[in-house]
Each structure stands twice: as C-alpha cells, then as structure tokens.
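*Asks:* Protein chains in written order, with our numbering: chain A, 1 to 239; chain B, 1 to 239; chain C, 1 to 239.
These are calculated hints, taken from the structure and not from any lab test.
Each pair may be met inside one copy or between any two copies, as identical chains are not told apart.
Listed below are the simulated SDA-like cross-link pairs for lysine to any residue, each with C-alpha atoms no more than 20 Å apart in a straight line:
{"hint": "1", "residue 1": "54", "residue 2": "187"}
{"hint": "2", "residue 1": "54", "residue 2": "3"}
{"hint": "3", "residue 1": "205", "residue 2": "37"}
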Amino acid sequence: MIDLERHGDIFTLTMNDGENRWNTTFVRAFADALDTVEASDGPAALVTTAASDKFFSNGLDLEWRKSEGPHRGGDRTVFGEEFMALMGRLITFPMPTICAINGHAFGAGFMAALCHDVRIMRSDRGFICANEIRLGMIIPPPELALFRHKIPMNAFFETVQLARRWTGPDALAAGIVQQVASRETLLETAVERATELAPLGANRKVYGAQKESMYGENAAINNSHGPAYMLRHSAQYRH
Amino acid sequence: MIDLERHGDIFTLTMNDGENRWNTTFVRAFADALDTVEASDGPAALVTTAASDKFFSNGLDLEWRKSEGPHRGGDRTVFGEEFMALMGRLITFPMPTICAINGHAFGAGFMAALCHDVRIMRSDRGFICANEIRLGMIIPPPELALFRHKIPMNAFFETVQLARRWTGPDALAAGIVQQVASRETLLETAVERATELAPLGANRKVYGAQKESMYGENAAINNSHGPAYMLRHSAQYRH
Amino acid sequence: MIDLERHGDIFTLTMNDGENRWNTTFVRAFADALDTVEASDGPAALVTTAASDKFFSNGLDLEWRKSEGPHRGGDRTVFGEEFMALMGRLITFPMPTICAINGHAFGAGFMAALCHDVRIMRSDRGFICANEIRLGMIIPPPELALFRHKIPMNAFFETVQLARRWTGPDALAAGIVQQVASRETLLETAVERATELAPLGANRKVYGAQKESMYGENAAINNSHGPAYMLRHSAQYRH
Chain A
1 MIDLERHGDI
11 FTLTMNDGEN
21 RWNTTFVRAF
31 ADALDTVEAS
41 DGPAALVTTA
51 ASDKFFSNGL
61 DLEWRKSEGP
71 HRGGDRTVFG
81 EEFMALMGRL
91 ITFPMPTICA
101 INGHAFGAGF
111 MAALCHDVRI
121 MRSDRGFICA
131 NEIRLGMIIP
141 PPELALFRHK
151 IPMNAFFETV
161 QLARRWTGPD
171 ALAAGIVQQV
181 ASRETLLETA
191 VERATELAPL
201 GANRKVYGAQ
211 KESMYGENAA
221 INNSHGPAYM
231 LRHSAQYRH
Chain B
1 MIDLERHGDI
11 FTLTMNDGEN
21 RWNTTFVRAF
31 ADALDTVEAS
41 DGPAALVTTA
51 ASDKFFSNGL
61 DLEWRKSEGP
71 HRGGDRTVFG
81 EEFMALMGRL
91 ITFPMPTICA
101 INGHAFGAGF
111 MAALCHDVRI
121 MRSDRGFICA
131 NEIRLGMIIP
141 PPELALFRHK
151 IPMNAFFETV
161 QLARRWTGPD
171 ALAAGIVQQV
181 ASRETLLETA
191 VERATELAPL
201 GANRKVYGAQ
211 KESMYGENAA
221 INNSHGPAYM
231 LRHSAQYRH
Chain C
1 MIDLERHGDI
11 FTLTMNDGEN
21 RWNTTFVRAF
31 ADALDTVEAS
41 DGPAALVTTA
51 ASDKFFSNGL
61 DLEWRKSEGP
71 HRGGDRTVFG
81 EEFMALMGRL
91 ITFPMPTICA
101 INGHAFGAGF
111 MAALCHDVRI
121 MRSDRGFICA
131 NEIRLGMIIP
141 PPELALFRHK
151 IPMNAFFETV
161 QLARRWTGPD
171 ALAAGIVQQV
181 ASRETLLETA
191 VERATELAPL
201 GANRKVYGAQ
211 KESMYGENAA
221 INNSHGPAYM
231 LRHSAQYRH
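Bound conformation, chain A alone (with noise of 0.2 Å):
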C-alpha cells in the first residue's frame, strides 16, 4: 500500500493502491511511513510519488465511506480527523519533503502534495484540482487554510471557488508546483531535489520549527499586527 526505500539520505515513499485514495488504513500506513522517516538521523529528505500511471492520488475513498460494515478501508469515523492532522504533520515535516507528482492529484491527493516543501509535476498528463464545490461542498475551513497559505491569491481563489483543473505547465505559471518534468525523468528531477535540500534536514529542530513558525499556533505571519509594528516592538516577538 505504501512503500519505503532509502537510498543515502534521501527517502522514497511510493503510494502503491491503484488510484490512492485515502481511508484510515491508508491514512495510518502513510503515517508509519513517516514513522520510520523521523526516526533517522543525519541529512536527509523525502520524495513522496506514486506507482501509477496515471494517479497521483485521486482523493477521498468515496466508495468506502459510503459503505457499511467491515471494510479493508478502517474505521470511517475517526477518519476526518486522523487524516487533517497527518497533513498537519505533514506540512511541519522535520526535513526537505519533494512532491513528485505523477499523475491526477485530487482534493485529498491535491493537499497531500500541497503539504510538502517542493512540487514537482508530470508535464503531458494529468490534473491537480480542488474539486470540491463540483460535487457540491464546501472545502473546511482548514483545507482552506492551506491552499490560502500554499499559493498566491489569485491561484488560491481559481483553486477552491472555481475548482480549476490545473495542468502542469498551468501549475507551473501560478506558483503552485515549482518545476515540471517528463514522466521519463520526473522521480530523478525529484531525487536531485532531495539531494541538494537534504542537508537541510540535518538539523531537524530549526528545520521543523520554521515551518512552525509559519504554520503553526499562533503563527507570525498571522498576527494581527502588521509587519511594520512587528519591526519596531521586536521585543514583543521573540520566539
């Protein structure tokens, strides 16, 4: 379901379930994955793909959610939350995280891929999109959050009001992936990535504490305050 390897320092993680969509079983080996990531020690960094042709992730697992009973699936109904809080994590990640997006990333696909560091997509197929208002709801506000903090305004609005589907070069032109890439050489664009951000990764505290800084309770770059107040009370701010 989800595979691991380790070459040097970097880390591949492989979504291997078909379509990769997300249920508590998946959201839990995912998360064991990332386990036995942590636990190294030294530079390092994470690509994250998929073993499809043709999806990244496609989103929730609408099927499994919609069924009864014992299901391969999990328990449906601590899933909301175990799956927010794993892109929580995921988005504070102690180390360089790169996204090489194979395939279709919908919603779910979409913010897993949004929670790394560094995007890189598949250039002749495939969709990024928020497909949510499409199916009639409306995207939780911490959904919103993230797209709201992940790319620039105008993106973020054609993203989660419009649910645009985004090519990779349309991807690319919106600041929402950083660099695009044959399907041929896209996990080596990837690895090269890694490489150059994975010592970065070795000191995970200031690494992991950046982004929460960013992201987390309380963030700076949320204050009610302005920059410019900010600037002339530093003292007020200091971590």
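Starting from the structure of chain A, add chains B and C where the hints point.
*Replies:* Leaving out everything else, chains B and C in the frame of chain A:
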C-alpha cells in the same frame, strides 16, 4: 442606466451611464439588477460590462459629491455605506460572476471588477487603477482588504501604494485579470467563460457559502492560527 | 560609511562600508541619513544603493557580534531592536523609496531591500537570499512577517524555508523585484523610477499613512474578518 439581459443561463448586466461613475442612484440601479439575477433558479452566471467604448467605470461621481441640493445622483449621505455593502454583496454573489473590462476601471470601478470571480480585460487600451493616493486620499480599510485578498502581494502593493495604471497585458501577468481579449471579442469571450461556469451556479447555497467562508465574518483564511494548527485541531473548525 | 546626495527631488543614499554589514554604528548612520531626507519638503524620493561592485549588503556584522570589548561597530546590546526599528521606519517611510540592488543582498541586506517600495536588481550577477536556515537559525517573527507581506506566498516559502538564492531574473519572475538592469544602467534606471514617483512624496502625511494602514498596528489587511464582512460593515472601519 443599468441594462440587464438574459440569454439562456447567462445574465448580462451592462452599465450604461456614460463614464459609469458611482452615485447612490447608480448603486441602487445596480442592486436592483442583482435582485433580478438572484431571483432566478438553476444554472446561471453573471457577465458585467459597460456600454462605453472607453470606460468600464471611471470611479466615484465626484461632481455629484461636491455639488449641493437635489441631483439625479440621489442621497449623498448614504452613499459610502450603500456602495461598500453592494461590493460586499457582489464579492459573495451566489453564482459565477465574470467581469468584461471594456475600458478604464478606476477607483470604485476597479473595486467592482475585483469583486467578480473572473476578470477578462480588453488587450489594446484601457487602464485599471486605484488612484486614491494620487488624489491625496488614503484607501479605506474595507477597500484595502478587498485588494489584499484578491491579488498577489507584490501586485497589491504596486496597486494601492504606487497607484499603478495596469494595462490588460500587465494586469494579466500580475494575476489581476485572468484573460485578455480584443475589443471585438471581449464580450463573447466573457459569455463563453460564463457558460462554462454556469453549472456551478445551480447550487447557489454552496457557491455563495464557499465565498462567504473566504471573505465573510471570521473568514477561515484570516484566523490567527496557521494551517498546521488548524489541520491538527480540525474538529474545532467545522462549519 | 553612509553617503547621501541630493539632486533635485531625488536623494541617493549609498552604503559605502565594504560589504555593508549591519552593526549599531551602521544602523545609526543609516538612520541619520533618513533624518536628513525626512527633514526635506516637497516632492521627493529616496534611492538606496551601495558603492561596492559585488555587495549591496552581506548581512549582519557577525565578526563584530562575536567579538568582545570596544569596536567600531558600537554597542552590541541594543543592536537587535535598533535594527528592527530602522526597518520598521523604512517600510513606512513617507515618500517613495527605490532600492537599486547592485550586488549580493543577504539576510539583513535582503530585509533592507524589501522595506523599500520598489526594487531594481542587477541582472548579471548577485543573489538575494535569506540564509538563516542554512546557518541553523530560525527567522524571527518580525522578519518573517516582513517577507510574508511583501512577496507572493510561493516565493515567500522558498525564500524563508529553503533559503533560495534568487538571481535578478528569477527574483523578477517571482515578484520579489520589479525590474532588472545591467550594472551600468542600474542607478540611472532607479533614478528615473524615483523621478516618476517623487510627486507622490509631496504629500508625506498621506503617503506614510497609506503604508502604515498596510503594515502598522491593527493593519487593515490583517483583520480577522474578511473583506466581504468589512465591506458590509464599512462604518466600523473608518480611519
């Protein structure tokens, strides 16, 4: 003053009062047209444009504001709040809204354009500009917040502090408009885009609530806690 | 250390202390120059640049900070707050400010550049970079807020978390600088831009208040309510 036509699912609101300067009478005529649009059912989208060859809307009706006594512009004392409230209604309008900027959009005209979901601008002439600072005025907080939430940070600063006059191509590159078109094809381009988006207007409750969650009271994207905190405590943030 | 010249309406402040590393003496010399500029009347704009062929400003004076006893760098205990306060003054300076980035701008040097209204960067060499995380340091909240409010979200993340070294052309594409120019034409390009903007400096009260409303205490753009709420209740948000 305000013309409203319906063809299939698409409403076209045409501002038809010369330079389309905003006074209380104009605000109320615009609001009446929105009432008609909102009273419809089913898939729908709104296209807003202007009849002039030169102006989309040239800003406030300054001649009226400086004059005294009876005037076709109407009650001067209620204007500020009624205009701002109309913009608040437009930015959360419960169906897709497309603005075809056929000429200059200054000050209040720029605000009206920004309150739409999609902006398509004439490529060959016309500027959009918030010229308040050149007139010795500070932009009021609600207008500032509007600019702040619709365009990227660098474009926001150039717009409000430097009163940059954006051409169509420059506005496109800066993320202020989403498309440009020639004068001849502008309206049909807007109607095509409206037709694509009209299905989203069928579920007005969801479409409006999504905008409200971005721009309304206690808007999720403005919380003092960052997305990682919210993702970790998602149960606190249910709608 | 800091040279200041005036030609017509344009003040040119040249940092002339080698790598232009920030210590208390440098901060105070910079502040003294700003006092002179601010004491002027009428249309005005400030151009800031450096004398070196290689450096705009290479960051904090680390040699001074690590040393003990008397030093030309001055009092070490007051540096942090005085430097931050100077940046708070610069970001709200009541006339147009143009930064001509003639070489490397690292850490504190990048902060100083960002506190200007317009940045023009040398196209052929030099990096701007916030390299704190590579040095094992977390960016303090006021500096983080500065980055957060001046550049688009995607560029913000790459800057603070990945310590990206931006070239001039890359910084232009990312919205961090507004123009690039060759070494030979950089200063004249900055002076031309300053001359265009100098009329805005004539009304210093308004020009400074506009920046204050974006970046100061209870900055409008940081409110917990979104623009739709504020537009609907505009009477609450009068200056």
